[in-house]
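Whole structure, please, built from the sequences with the hints as guidance.
Number 719 in the numbering used here belongs to position 707 of the sequence shown; there are no gaps in the numbering.
I should point out that these hints are in silico values taken from the structure, not numbers from a laboratory. There's no promise every hint is true.
What the hints assert, rightly or not - 27 Å max Cα-Cα, derived DSS-like pairs, lysine-lysine:
(1) K523 - K604
(2) K702 - K761
(3) K320 - K274
(4) K880 - K909
(5) K41 - K56
(6) K722 - K633
(7) K880 - K724
(8) K523 - K481
(9) K638 - K523
(10) K135 - K56
(11) K110 - K97
(12) K638 - K702
(13) K527 - K638
Claimed, not checked - Just the calculated beta-carbon pair ranges, DEER-fashion:
(14) K702 - S868: 38 to 44 Å
(15) P691 - S506: 45 to 51 Å
(16) V297 - P111: 36 to 42 Å
Using N, Cα and C, we set each Cβ at its ideal position, and we do this for glycine too.
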Amino acid sequence: MDEQALMGLNPNADACYRQRALAYFEQLKESLDGWEVCAEALAKGFYSDDHVKFFCFQVLEHQIKFRHGSLTAAQQQLIRETLMKWLQAQLMNVHPEKPFIRNKAAQVLALTFVMEFLTLWPKFFFDILNLVGLNSNGVDIYLRTLMAIDAEVVDRDILHSPEETRRNILIKDTMREQCIPALVESWFQILQTYQHTHSELTCQCLEVVGAYVSWIDLNLIANDRFVNLLLSHMSIEELREEACDCLFEIVNKGMEPVDKTKLVETLCQVLQSAGFFNIEQEEDVDFLAKFSRLVNGMGQSLVLSWTKLSKMVDVKVSVETLRAVEGKVPLMLQLLIHEDDDISANIVGFCYDYLLVLKQLSVSSRKQTLCLLLSFSPELLLEAVHRVFNATMQNWQTVQFMEVEVAIRLLYMLGEALPASHGAHFSGDTTKTSTLQSMMRTLVSCGVSEYQHSSVTLEFFETVVRYDKFFLVEPQHIPSVLMAFLDHRGLRHSSPKVRSRVAYLFSRFIKTLHKHMNAFIEDILSRIQDLLELAPPENGFLALLSSDDQLFVFETAGVLIVNGESPAERKQALMRSLLTPLMEAFHMLLAKLPQEADEERQAVLADCLSHAVGFASRTSKAFSNKQTVKQCGCSEVYLDCLQTFLPALSCPVQRGPLRSAVRSFLHRMIICLEEEVLPFIPAASQHMLKDCEPRDLQEFIPLISQITAKFKNQVSPFLQEIFMPLVMAIFEVLSRPAEENDQTAALEKQMLRRSYFSFIQTIASSGMNEVMASQEAENIERVLFTIIQGAVDFPDPVAQKTCFIILSRLVELWGGKDGLVGFPDFIYKHIVPACFMAPLKPTFDLSDAQTVLTLSECTLTLHMIHLKRVIILIDINCVSPQELCQVLQQPDVKVLKNYMKVFQELYD
13 MDEQALMGLN PNADACYRQR ALAYFEQLKE SLDGWEVCAE ALAKGFYSDD
63 HVKFFCFQVL EHQIKFRHGS LTAAQQQLIR ETLMKWLQAQ LMNVHPEKPF
113 IRNKAAQVLA LTFVMEFLTL WPKFFFDILN LVGLNSNGVD IYLRTLMAID
163 AEVVDRDILH SPEETRRNIL IKDTMREQCI PALVESWFQI LQTYQHTHSE
213 LTCQCLEVVG AYVSWIDLNL IANDRFVNLL LSHMSIEELR EEACDCLFEI
263 VNKGMEPVDK TKLVETLCQV LQSAGFFNIE QEEDVDFLAK FSRLVNGMGQ
313 SLVLSWTKLS KMVDVKVSVE TLRAVEGKVP LMLQLLIHED DDISANIVGF
363 CYDYLLVLKQ LSVSSRKQTL CLLLSFSPEL LLEAVHRVFN ATMQNWQTVQ
413 FMEVEVAIRL LYMLGEALPA SHGAHFSGDT TKTSTLQSMM RTLVSCGVSE
463 YQHSSVTLEF FETVVRYDKF FLVEPQHIPS VLMAFLDHRG LRHSSPKVRS
513 RVAYLFSRFI KTLHKHMNAF IEDILSRIQD LLELAPPENG FLALLSSDDQ
563 LFVFETAGVL IVNGESPAER KQALMRSLLT PLMEAFHMLL AKLPQEADEE
613 RQAVLADCLS HAVGFASRTS KAFSNKQTVK QCGCSEVYLD CLQTFLPALS
663 CPVQRGPLRS AVRSFLHRMI ICLEEEVLPF IPAASQHMLK DCEPRDLQEF
713 IPLISQITAK FKNQVSPFLQ EIFMPLVMAI FEVLSRPAEE NDQTAALEKQ
763 MLRRSYFSFI QTIASSGMNE VMASQEAENI ERVLFTIIQG AVDFPDPVAQ
813 KTCFIILSRL VELWGGKDGL VGFPDFIYKH IVPACFMAPL KPTFDLSDAQ
863 TVLTLSECTL TLHMIHLKRV IILIDINCVS PQELCQVLQQ PDVKVLKNYM
913 KVFQELYD
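Below, the structure is given as structure tokens:
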């Protein structure tokens, strides 16, 4: 080897020597046989310099990693012999190699294993075990090699190609079959031999066991012999942290829930009898942190087992597992309130999972809940949470955020563990109410809302809103909590996530306590005024709240105004003050929109206009039957909004989003303004029917249906006028050609067809037959045929059901002597056949719930035909007129339903 180049491997060498060493390394890597010089140097121990040895292993590693497939059989054999000779030499060394040399050697051995185990070196482990025996130097290399193999083959954090993944699976399968039992036996011998004399080796071995236990047969480890040995290590100071980690991996091993519960319970019993649960007597915080992680793993494993078992029939086993979970709660709480952050942090997972168990218990089926609650004590839970909560709140300024967060979370989750009707946690059982009241009083008065961590802030507001009825009992705390919502702790917090959530929670808080807000209304509105501004897209100002968050703030403002004790005149003034800036901004932006040439810019402006309409609409949610728009004197304000927003319907660009926004506003105004909205409907409808897309029509039809159902005869003239233009617009969209495989277009047409039939149903069901009857005969006939087509030809049971409902209603309206001219003939020729043809379609599947409902409506249609007039002639193959007439004459319609079901099944 180039001795001068090797001098450059020394970290203290000159730059020129280091450069030469680097060049030499590249030369040996690229050379086809240069690596053999390094192999010989390692096998024969030519060099004592650690850097040279490391260099030789690096060269060898490169060959194995990138050129193994191109090596001859003799060269591959040389690599194996080199590694074994080097390993044999280690057995005789008085002093072991430096750790970085041993680690590199282990990596090279692991790479060789990966390349050759399945083909050239199936006895890899047996050769190494036979060579090293229990020699401490050899065992060290053996254990490091196992960890290197774990990194190459098992570690999920390392990304592998699909080919490597398949290879690794095959390696693990082969190891399970051929050598894992021998490896496990070697681990046991190493642990037993060195537990009192060589703690470093023992800890290495425990780490190996922990790494491999996830994918080997657990019975090889989870047996009395092995577990007792591991538990004995828990009492040896140098070993117990690593033993804890090893037990943690065993507990985390995937198992059947019953087996997992037995394993965890066995471990817990032994640990408890050995005194490990008496943590107040343990001073070693590093060990306690590991022990806390182990308890967390055991607790979470039990919770997972209970979750699986609670879905099974065997309630007894589920209850036993729940008891096992609850048996760990006192220990969990002790670890949770420990003054060391790592110890308390490591148990948080179990704590959360247990709180979720309590939540599930409150919503389980009645029978199972009773069984579970027999072993569950809410009083003890309340006492434990009270103790943890108070201890943390007394020192919140000096406690880590996670402990404060968990303490508040425990209080929050009590609402699930101790359910109350409609959130009435502060009435009834005085033991429970006084404890909860005391904790809530502490929460809102101790100053913890000032804690400088967003997780704690969120928990504070979530808990305040969960127990908002506390403020009905102690309203003196409302002002301080309002300030928390409104200042830097809430709506003006530095975190967008907190601001967003608080906007929603503030809305809920105000809705519950609106009767106590009268003294604060105008002050609150003043403080949130800047949050109610529509942020124009051109000013570049980054708003505190998103538009979705602002919806909640506008709703909150509406609730405050509407539910205040002010006279109607003051409410109107406040509402106008709230909505006028929106109308002004809308008017200005709408004027700009058609002049904007850039499409992206258009979309931004349209988005802003839609937000303005949405905000105004959201304020109207504050009104109710007790506090109507009229009673609050706000009709004029909302009519002004309508006049401001409706011109957007005729905007030539960005029609989709603008129409959608205005339609939504009209829906709200129909509810809030009632008859006062009617003058605006005809013009709005005209604009919305122009240049329609399927989605436009699909969204417009529910608006017309809402008007029809609400105002009925009041809107009959309007409906008679708009009926055919709307129907023709629907027909035109449905007839547009579409690509055969365009699923989106097909779905849009299906939904539009459903909306169309739903519209006809609304008209028929509202007793407004004159709307259809007043149309020209050919138009009526065309509409009727579409209903027959919908009932029979389209494989959409939702639409079919609607069509039969329409047909039944039309028979009822027009099937008598005074009915529509020509309709009886239509009944015989088309409706009656449809009732039998639809069930005979191959797509008519009675295993589908909607289809069953369709058959029921089909039957009721036939029944209605029979009630309106006697069926004289039924010209349908496979239907016996005499038999059908007998069935129809039965007073119980169920007889007819059964007949139709048998008919469908017989001729399907």
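Each hint tested on the structure:
no.	hint	in the structure
1	K523 - K604	violated (37 Å)
2	K702 - K761	holds (18 Å)
3	K320 - K274	holds (15 Å)
4	K880 - K909	holds (18 Å)
5	K41 - K56	holds (20 Å)
6	K722 - K633	holds (18 Å)
7	K880 - K724	holds (25 Å)
8	K523 - K481	holds (11 Å)
9	K638 - K523	holds (15 Å)
10	K135 - K56	holds (24 Å)
11	K110 - K97	holds (18 Å)
12	K638 - K702	violated (39 Å)
13	K527 - K638	holds (14 Å)
14	K702 - S868: 38 to 44 Å	holds (40 Å)
15	P691 - S506: 45 to 51 Å	holds (49 Å)
16	V297 - P111: 36 to 42 Å	violated (27 Å)
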